[in-house]
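Number of protein chains: 2
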Amino acid sequence: MDVAARIESSLADAVLLAEASGAPPRLAAAMRHAVFPKGARIRPRLTLAVAGACGDDRPALASAAAAAIELLHCASLVHDDMPCFDDAETRRGKPSVHRAFGVPLAVLAGDALIILAFQTLARVATVAPERLGPVIAAVGDGVGVPFGIVAGQAWECEPKVDLSEYQRQKTGALFAAATVAGAAAAGHAEAEAWRLLGDRLGEAYQVADDLRDAVETEESLGKPVGRDAVLGRPSAVAEFGLDGAVARLRHLSEAAVAAIPCCPGQAMLRALMLQEAQRLVPRKLATAA
Amino acid sequence: MDVAARIESSLADAVLLAEASGAPPRLAAAMRHAVFPKGARIRPRLTLAVAGACGDDRPALASAAAAAIELLHCASLVHDDMPCFDDAETRRGKPSVHRAFGVPLAVLAGDALIILAFQTLARVATVAPERLGPVIAAVGDGVGVPFGIVAGQAWECEPKVDLSEYQRQKTGALFAAATVAGAAAAGHAEAEAWRLLGDRLGEAYQVADDLRDAVETEESLGKPVGRDAVLGRPSAVAEFGLDGAVARLRHLSEAAVAAIPCCPGQAMLRALMLQEAQRLVPRKLATAA
Chain A
1 MDVAARIESS LADAVLLAEA SGAPPRLAAA MRHAVFPKGA RIRPRLTLAV
51 AGACGDDRPA LASAAAAAIE LLHCASLVHD DMPCFDDAET RRGKPSVHRA
101 FGVPLAVLAG DALIILAFQT LARVATVAPE RLGPVIAAVG DGVGVPFGIV
151 AGQAWECEPK VDLSEYQRQK TGALFAAATV AGAAAAGHAE AEAWRLLGDR
201 LGEAYQVADD LRDAVETEES LGKPVGRDAV LGRPSAVAEF GLDGAVARLR
251 HLSEAAVAAI PCCPGQAMLR ALMLQEAQRL VPRKLATAA
Chain B
1 MDVAARIESS LADAVLLAEA SGAPPRLAAA MRHAVFPKGA RIRPRLTLAV
51 AGACGDDRPA LASAAAAAIE LLHCASLVHD DMPCFDDAET RRGKPSVHRA
101 FGVPLAVLAG DALIILAFQT LARVATVAPE RLGPVIAAVG DGVGVPFGIV
151 AGQAWECEPK VDLSEYQRQK TGALFAAATV AGAAAAGHAE AEAWRLLGDR
201 LGEAYQVADD LRDAVETEES LGKPVGRDAV LGRPSAVAEF GLDGAVARLR
251 HLSEAAVAAI PCCPGQAMLR ALMLQEAQRL VPRKLATAA
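As given, the protein sequences belong to chains A and B, one line each in that order. When the letters of the first sequence are read in order and numbered with our numbering, they come out as residues 1 to 289. When the letters of the second sequence are read in order and numbered with our numbering, they come out as residues 1 to 289.
Calculated from the structure, these hints are not laboratory results. A portion of the hints provided could be inaccurate.
The list makes no distinction among identical chains, and a pair is therefore deemed to hold if it is satisfied within one copy or across any two copies.
What the hints assert, rightly or not - With a straight-line cut-off of 20 Å between C-alpha atoms, the simulated SDA-like cross-links for lysine to any residue are:
| no. | residue 1 | residue 2 |
| --- | --- | --- |
| 1 | K160 | G22 |
| 2 | K284 | A247 |
| 3 | K160 | R26 |
Values in this document were obtained by computation on a predicted structure and should not be read as measured data.
Same shape as in the complex, but just chain A (with noise of 0.2 Å):
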């Protein structure tokens, strides 16, 4: 099975156990309608890379990992969206979950995405045990507090905002818990080395992002764009100007291929994250600097 099978499949058995019969349906759908059709996945590709490097010799763990990053990146989604925050009204090309649900299923369908990511992990923990501590840690400090995504949001409450904290919590914490737990479900003995490539691979996320924000259009996105210029939200291109923001995102890539400790698959990582690197520059500038 190819690296995206494996992980539409592994959301699809995850989302499945929310359809049970007796359980509330519109829920279900709820979550449904967050995970699938799918984005861009780039989280679990990168903790299935990651594992893959490292021996991937617990596969069915690999696979937990990779759709419980996945699953909490779709509840942030959910829970951003709302009108209390980013107030969405669209996202991957349909309406937001409280568009079409409201409001209260959004705020339990985040809610029931977390718990599922967990979830989702202890389901395989026989195959590893002594792995599943690794792993959840690495997962639920990625999310959590202190400096996970639900923290990064957060600063967005505060009077006082801290910048780089924000940028870093709300967007790299999460890549950085996609490379850590790919490592530890593949039982690399340092996991925690594997930290350096994600807070990096998550910058350079954040800079792609705010050149989509800039140059792409809402259709070819998906969702609304301009937003971070309307909101006044800082970003790299507001910083550096489009093609500074083109540059630094190719000195960021560099910087993350770089990072990547030493493992068996050391050599094909660097070439996958190579061409992953390529594919988040717009391709309207992939000419550019």
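Once you have looked at the hints, place chain B on chain A.
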């Protein structure tokens, strides 16, 4: 350390994580507000009582399980109190989290408390790696889909409600998780056998809650009363009358005690459960039925 001190200490350790330097301080304050000062702590006491009856040979894991159960209970209160659900202004005698910190931080504090429950468990993984999966599965299933408390709450968003599923999921599921997780943390060979005790205690607690809503004052309870009647919610008092509800509570408590599985501390646990059951009856009704 007695049970109450052990629970408060575990919760204090957990919440302290949010207060690290570099984390958003208002999120940490909202989380602390949601967890302290203490409520009845009835669910974590149940977890420790079951773990104790099963030998409690890994106390750090049992304490973490108890804290996780209570953190998830607090998270559900934070989200359920929000304007899109119960719109409750007070909780435990002070403003609800969204009244004190605003809706965005209520959403995020609830999210962070859910995640903190699993982080807390992951942190003690090494004391008994092979038990972590069963404990996390019990905890996750008690709060998530298809039959946990989030699913229970979601029945309020369905056009057609299955009342028995609603009550069992919304209240009973976390009691069942509290018993199963306590048994699993202590290495009981048949942790699932403890579910029936939790189910029955959860049902008893639901009846007790209905009684309190009917006969207590907002001052004595620390939250609004008479809400079931105002919102037309199903209630044991509406169904059986006051005396009938007290009788039902007593019947359920006895059935719960009878469901305690064989374990080293069975006699002690029976005595403890009967004593706890007495406390469930509101004082002004304690001589009725």
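Tested hints:
no., hint, result
1, K160 to G22, "between (46 Å within a copy, 12 Å between copies)"
2, K284 to A247, "within (14 Å within a copy, 73 Å between copies)"
3, K160 to R26, "between (39 Å within a copy, 11 Å between copies)"
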